[in-house]
Amino acid sequence: MAEEIKKEAPKLFKVTIDNKTIEVPPGTTILNAARMIGVEVAPPAMCYYSKLEESGGRCRSCLVEVAAGSTADPRPMPKLVASCRTTVMDGMVVNNYSSERVLDARKGVVEFLLVNHPLDCPICDQAGECYLQDFSYEHGKTAASRYEFKKRIFELEDIGPYIKLHMTRCILCYRCVLVADQLTEKRVHGVLKRGDHAEISTYISKAIDNDFSGNMIDVCPVGALTDRTFRFKNRVWFTKPVDAHRDCDKCCGKVTLWQRGEEVMRVTSRKDPWAEVQTIDGKPAWICNDCRFHKKKINDWVIEGPTVISRHSVIAQGHYEGMIKPKETLPEVMGGRDPKLLMDIRKVSGVNSVDISQLPGPATSETFKKKEQ
Amino acid sequence: MGRKLLLDKAHIENIRLYDVYRREGGYRSVEKALKSMSPDGVTDEVKKSGLRGRGGAGFPTGMKWSFLAKPEGVPRYLVVNADESEPGTFKDRYLMEFIPHLLIEGMIVSSYALGSNRSYIYIRGEYAWIVNILEQAIAEAKNNGWLGKNILGSGFDCEIYVQRGAGAYICGEETALLESLEGKRGNPRIKPPFPAVKGLWGCPTVVNNVESIAAVVPIINEGGEEYAKIGIGKSTGTKLISACGNINKPGVYEIDMTISVEEFLYSDEYCGGIANGKKLKACIPGGSSVPILPANLLLKTAKGETRMMTYESLADGGFATGSMMGSGGFIVLDETQCVVRHTYTLARFYRHESCGQCTPCREGTPWLENLLYKLEYGKGKMSDIDLLWNVQKNIEGNTICPLGDAAAWPVAAAIRHFRDEFEWHVNNPEECLKKNYGLAGYADPINVPV
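Residue numbers (the numbering used here), protein chains in the order written: chain Z, 1175 to 1547; chain X, 590 to 1039.
Okay, chain X solo, but in the shape it has when bound (with noise of 0.2 angstroms):
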C-alpha cells in the first residue's frame, strides 16, 4: 500500500467543507509556516523536498521559486494554472472538486513564501461547477481568518481570486494563461523575460500546477526532508495519476514514487489491469503530448531494467524509446485499438487548439491531421508517412511555446514505434476502414527501433 499525502482524507464524508477539514487538522501548515517560519524559510523547505512541478515539465518547485525577482516596490503574485486541458489528464479536477481547501491552504503558505497578496487561481472555463466548490471554500476560509488582511497576527495579508478561462488548451501555458488573465487574446508571450521577472501586469509571477501547491502542504506539515525521503531519486513524495483508457478501474490514483508500471496497471490497487480480458498494445504515460510507447517498451526500459512510474524512468532512452511523467495522462490502449486512428484524433485537437500566433504551429498542425485522416482513410500514400516525419521535424522546437512540440511528439513516437502499422494502412485501403491492425508484436520482447 502506497503512501498517500493529498489524498488520504478525500474519502471522508463533506471534506470539501471548511468544518470537517479543519477538524480532520486541516490549516496547520498555515498555522506552522506564519507562526514559526520565514518566507525564506517555507522556500527552502520546499527546495529541500525535492518537489518536482506537476504539470508536465517537472522542473524544480523551490527552484523556480526562488528565481523569482523581488525589486522594492513592486507586488508580486501567484497564479495557480488549473486550466488542466491535457486530454487524458484529470488529476486536478479531482483534488479541487474534493479537497478544495487543500489547494486554498497550499495558497495560502506558498503566497506567504513568495510575498503574494493577491493570488489567482485561473480555472479553466469547463469545470464551471468547480468555481463554486472553490469560491465556497475561499469564504469559509476567509471568515475563519485564514485570508484576508493580518491573518493570524502575522501582519501578512492574502486574497485568493478565481478566475475561468474561455476553455482554450493554450491559455494552460504559463504566459498565455497571464495574457488571459489580464484580459487579452491568450497568444503565449516570447521569452524572455520570464514571468518570474514580468509576469502578471509586468511584476514578477509564479505560475504552479494546482498539485505542485497542495504538495506544499504535506511538506511544511512533515518537513520538507521527511517528504524527500518518499520517493526514488529525484522523483521525490506522492503523484497524482488520472489512468483512463481500456483498463478496469479507471480513475486518479495517488501514488508514491517507488511501483513500476507493471505494478501500476496490473495491480487491483490501482488500474486492476486490461478491460475485458485484453492485451496491452500500447500507453501514453504522461497526457496526450508525450511520446506513445509500445507494449514492450512500456514495462520495461530499452536496457531491459523494469520501468518504474518515476521522472527518470519514464523518460529513461530519451524519445528514441523512452517518454515523459508529464502531467500524469496516463491512457492505456489495448490491442483493438488502431494508433493511427488515435494519432489522428490527437493532430485533430492539436490543429484545433493552436493559437495561430507562429507559423509552424499554426500551418504544420493542419497539415499533420490532413495527413492522419487520409492515412486512417486508407487515402494515404507510402511517401506520405515519410511527408508526416518531415513536417513533424520542422514543428518541433521551432516554436514560440511547447505546443508545437506537444503535437509533433506523438505523431513523431506514432511513426517511430507503430511505423509497420501505418505501413499496413496504406497497403491495405479497404481492410483498414473494417478492421484494425491488431497486436502485432508489439508485447514481444524488445525490439529497439532506433
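Isolated chain Z, as found in the complex (with noise of 0.2 angstroms):
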C-alpha cells in the first residue's frame, strides 16, 4: 500500500546549478531547472525554444559543465553538454556561469556564430530585441575579430507575400522549420545543403502562405526572417509596446501593439521573460497572420495596457547595468573650442525635414506628411 503511493507521488529531483539548489520533475533539461531558479543562472539559448518540440541542442550556446552526474554516479561528464536537451539526474551539480571551461566554449560559440554575420545591426531590423546581439554582448570576447576571410553572402530572398528572409544573418537554430513542422499542416520551406553552405529556404521558390507563418517571424532570434510590413520602418526602441486583443476566429488574438504615437507599427506575439512565446491558457500564444500583419490600425483591438518589458530588450531599463561609456575625447581634442559644423544634412538633402530632437511628442508618419504639403 505505502509503495504504491509512493509511486505515484513524482519524486523530486534535486539539482545543484551554481551553488544554488531547486528541486525539480524528472524529465526536466537542466536548461529549464535553470531558468527556475532565475536570470543569474540561466544559460543563454539561441535555438532552443521551449515551446518547439524538438528544439535545441544545435547553437551549442548552452553548454555548460557537469561536475557530478547523479547522487548514485558522481563521476563528472567528460564534456560539456548541451543544457536545452540534457535532463536532470536526482543529485546533479551543474556548473553554469561559474565554470571557466564554460566560458571560454562560449566564447568560441560566439566567435563562431559571428564569423559569417554580417553585423549589420544598424539597419537590422532585428537590433535591440536580437539574441545574437545579446550572447555576444555578454559572453564574447573583446577583441577585434580574427577571422580575415570573406563572409558568406546570400541573395535576399522574398518567402512569401509577408517575410522577407536575410539568410546572411541566419544562425540556423531551425525554429523556423520546427515551426512550419508543429503549427501548418504543410512545411514547404526546409533546410537545403549542407555545411556552411547550408540554407533555409523553400523548395523552389515556392510561397510561404499559411496562415500561421507570421509566427516564423516571432521565434526568429536573428534578423534573418523580417516583418515586410514592418521592415526599415522603425526602431524597436523607439516603439512602445502595449497588450491588447481581439476576437480572432483562427487564434487567440491576444498580441503586443508596438505603438510610435497612435500608429500601430507592428503587431507581435506576447513574450515571456525569456523571449519566447507566452503561454495563456496553458497554451502557446501564437497568433494567426491576419492578426499580425492586416489589423494595424487601433480601432481593431482593445487595448489592456503597457506591457511588461521582457528582460531580453534593449529598451528594458538597466539592461546593459554597468556598461562602462565612452570616454569623449572631443572638448580635449578641440581644446575646449566648439566643433564646427561643416554640413547640416538636414538643409543640404531635404530629406529629412523634421528636426526629430525638436519635437514634444515622438515622431509618427503624420507628422511629416504635414511637412510635406
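Be aware that a few hints might be false.
[Stated by the list, open to error] With beta-carbon atoms standing in for the labels, derived distance ranges:
| id | chain 1 | residue 1 | chain 2 | residue 2 | range |
| --- | --- | --- | --- | --- | --- |
| 1 | X | R1008 | Z | S1319 | 23 to 29 angstroms |
| 2 | X | Q752 | Z | K1253 | 30 to 36 angstroms |
| 3 | X | G986 | Z | R1511 | 53 to 59 angstroms |
| 4 | Z | A1246 | X | A909 | 31 to 37 angstroms |
| 5 | X | G986 | Z | D1247 | 17 to 23 angstroms |
These aren't lab readings, by the way, just hints derived from the structure by calculation. The C-beta atom is built at its ideal place from N, Cα and C for all residues, glycine as well.
Fit the two chains together into the complex; they arrive one by one in their own frames, and the hints show the way.
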C-alpha cells in the first residue's frame, strides 16, 4: 500500500546549478531547471524554444559543465553538455557561469556565430531584440574579429507575401522549420545543402502562405526573417509595446502592439521573459497572419495596458547594467572650442525635413505628412 | 603467418556465389545458432569474445547488444553501417564485394540474437555496384531458406533490405544514418536518447559496422572464448586494415592483433615497406580522423615500447603522443609528402562534409580550411598557426556528433608534431611552393613534445 502511494507521487530531483539548489520533476532539462532558479544562472539559448518540440542542441551556446552526474554516479561528464537537451538526474551538480571552461567554450561559440554574420545591426530590424546581440554582448570576447576571409553572402529572398528572408544573417537554429512543422499542416521550406552552404529556403521558390507563417518571424532569434509590413519603418526601441486583444476565429487574438504615437507599427505575439511566446490558458499564444499583418489600426484592438517589458530587450531599463561609457575626447581634441558644423545634412538633402529632436512628442508618419504639404 | 577468420576463403573462385560459399562451410553459424542456441546465448557468446566495434570507436559489440531496450510489442531493428566514407578506409568494400554471404550470414545470426525481424544494410551511394552483389546474395539466401519466414523451422522470421545512401560522409554517424534511412535529411540526432532506446522509427535499434557483424560468424562457429584467445589484452580477434599511401603493397589485410606496427609496415606479408626506397615520415594509423603520428612515435611509444597493432597500444600516450585504431585506414606518408598540404586536404574534406547543423562545426571547419590554404600557399603568418590551434580547440568536444572532433584532431596532431614544418611554410613563402620540407628530424629517436 505504502509503496503504491510512493509510485504515484512524483519524486523530485535535486539539482545544484552554480551552487543554487532546486527540486524539479524528473525529465526537466538542465536549462529549464536553471530558468526556474532565475536569470542569474540561466544559460543563454539561441536555438532552444521551449514551445517547440525537438528544438535545441544545435547552437551550442547553452553548453554547461556537469561536475557530478548524479548521487548514484557522481562522476563528472567528460564533455560539456547542451543544457537544453540534457535532463537532470537526482543530485546532479552543474557549473554554468561559475566555470571558466564553460565561459571559454561560449566565447568560441560567439566567435563562430559571428564569423559569417554580417553585423549589419544598424540597418537590421531585429536590432534591439536580437538574441545574437545579447549573446555576443554578454558572452563574447572583447577583442576584434580574428576572421580575415570573405564572409558568406546570400541573396535576399521573399518567402511569401509577408516575410523577407535575409539568409546572410541566419544562424541555422531550425526554429522556423520546427514552427512550420508543428503549427502548420504542410511545411514548404526547410534547410537545403549542407555545411557552411546550408541555407533556409523554400523548394523551388514556393511561397509560404499559410495562416500561421508569421510566427516564424517571432521565433527567429536574429534578423533573418523579418516582417515585410514593418521592415525599415522604425527602430524597435522607439516603439512602445502595448498589450491588446481582439476576437479572432483563427487564433487566441492576444497580442502586443508596438506603437509610435497613435500609430500601430507592428503586431507581435506576447513574449515571456525568455523572449519566447507566452503561454496563455495553457497553450502557447501563437497568433495568425490576419492579426499580425492586417490589423494595424488602433480601433481594431481592445487595449489592455502597457506591456511588461522582457529583460531581453534593449528597451528594458538597466539591461546593460554596469556598462562603461566611452570617454568623450572631442572637447580635449578641440581645446575647449565647440566643433564647427561643416554641413547640416538636414538643410542640404531636403530629405529629413523634420528635426526630430525638436518635436514635443514622438514622430509619427503624420508629422512628416503635414510638412510635405 | 597471422590467423585469418574473415578473409581466409576470399581467394576462392566464385566465393561470391551461394553454392561455392555453402560448399566451403558457409551458413554453419546460422544452423548452430538457430538450432542449438537461444538469442541471449548468442549475445553472451559475442560478449565472451570481447569483440570491439570495428567502425572506429571500438565499443564492445556484446555490451552494445545487451543495452538494447526490449519493450513488449515494439519491433527492434538491426542496421548495418556500410556507409564507409572515411578517407583511407576501404575494408568493408572488400568484404562486401568478395564475400557478401559472410555479411548476410552474420546479419541473420545477429538479427536472431537481437530479435530483429527486419534488418537493413545502409550502404554508401558510391558503392553502387556492391548493392547489386548484396541483393543477389540476399536473393540466393532467400531461395535457399536462410531468409524469410520460419528459418530452419525455428519460428524466427528475418528479412534483409539494402538501402543506398546519397553519398554523405555524415550519414556514417549512426543517428544521421537512421535519419537518412527514414528518408529525412541526414542530420545527426541529439543524444540521449541513444539508438538502443529510440532508434529507427522510434524503435530500439542496434547499428553495427559491416566488419563487426561479419566477425560474429567465426565467433559463433568457434565459440567466443576461442575467438578471445587471438590478440593481446582487450584487442581480441582479427582486424581488417586497409593500407594505402606510399607503400609497396597497398590493400586490405587481415591481421590478428598480435603484430607490431613495424612488422605490419615493413614485412613482405603485409605492406612491404615504403615505396621506391624512400623513408617513412608519418602515418595515420586509423583512418583520416585520427591523429597523425610522426615516424618515431609510430614505431615506438613515448615510453620506448614497441607499438603494436592493437587498440590499446596505438592509443598509448593519449593524443599527446598516441593515436587511435579507428576504422583501420592505414595511411602512410613518405619523406616527399607535405604535412601541411595533407592537413589542408583533410580540412577541405571535413568542410565539405559538415552537415551544418551545429555552430562550431559549420563555421569552424571552413575556417580551418581557409587558414590551412593560406599556410600551404605561403601566404600565412606565424599567428595563423596559433589561431589554427585555437579554432580546432573551440570545435573539439563542443559539437553534436563526432564529426567536429574528427575535423579537429588531425589539425591538432599535425600542429603538435609538425609545427616546424608549418613555421617553415610561413618563413619560406617562395620556397614552399616549389619543394617540400622533407624528413627533417621526424624519423630520429623520440623527442617527445608535450
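Cross-check of the supplied hints:
1. Judged by the Cβ atoms, the range 23 to 29 angstroms given for R1008(X) and S1319(Z) holds: they are separated by roughly 25 angstroms.
2. Between Q752(X) and K1253(Z) the Cβ separation comes to about 31 angstroms, which falls inside the hinted range of 30 to 36 angstroms.
3. G986(X) and R1511(Z) have their C-beta atoms about 57 angstroms apart, which keeps the hinted 53 to 59 angstroms range intact.
4. Look at A1246(Z) against A909(X): about 33 angstroms separates their beta carbons, and that is inside 31 to 37 angstroms.
5. Between G986(X) and D1247(Z) the Cβ separation comes to about 21 angstroms, which falls inside the hinted range of 17 to 23 angstroms.
In summary, the structure agrees with every hint in the numbered list given earlier.
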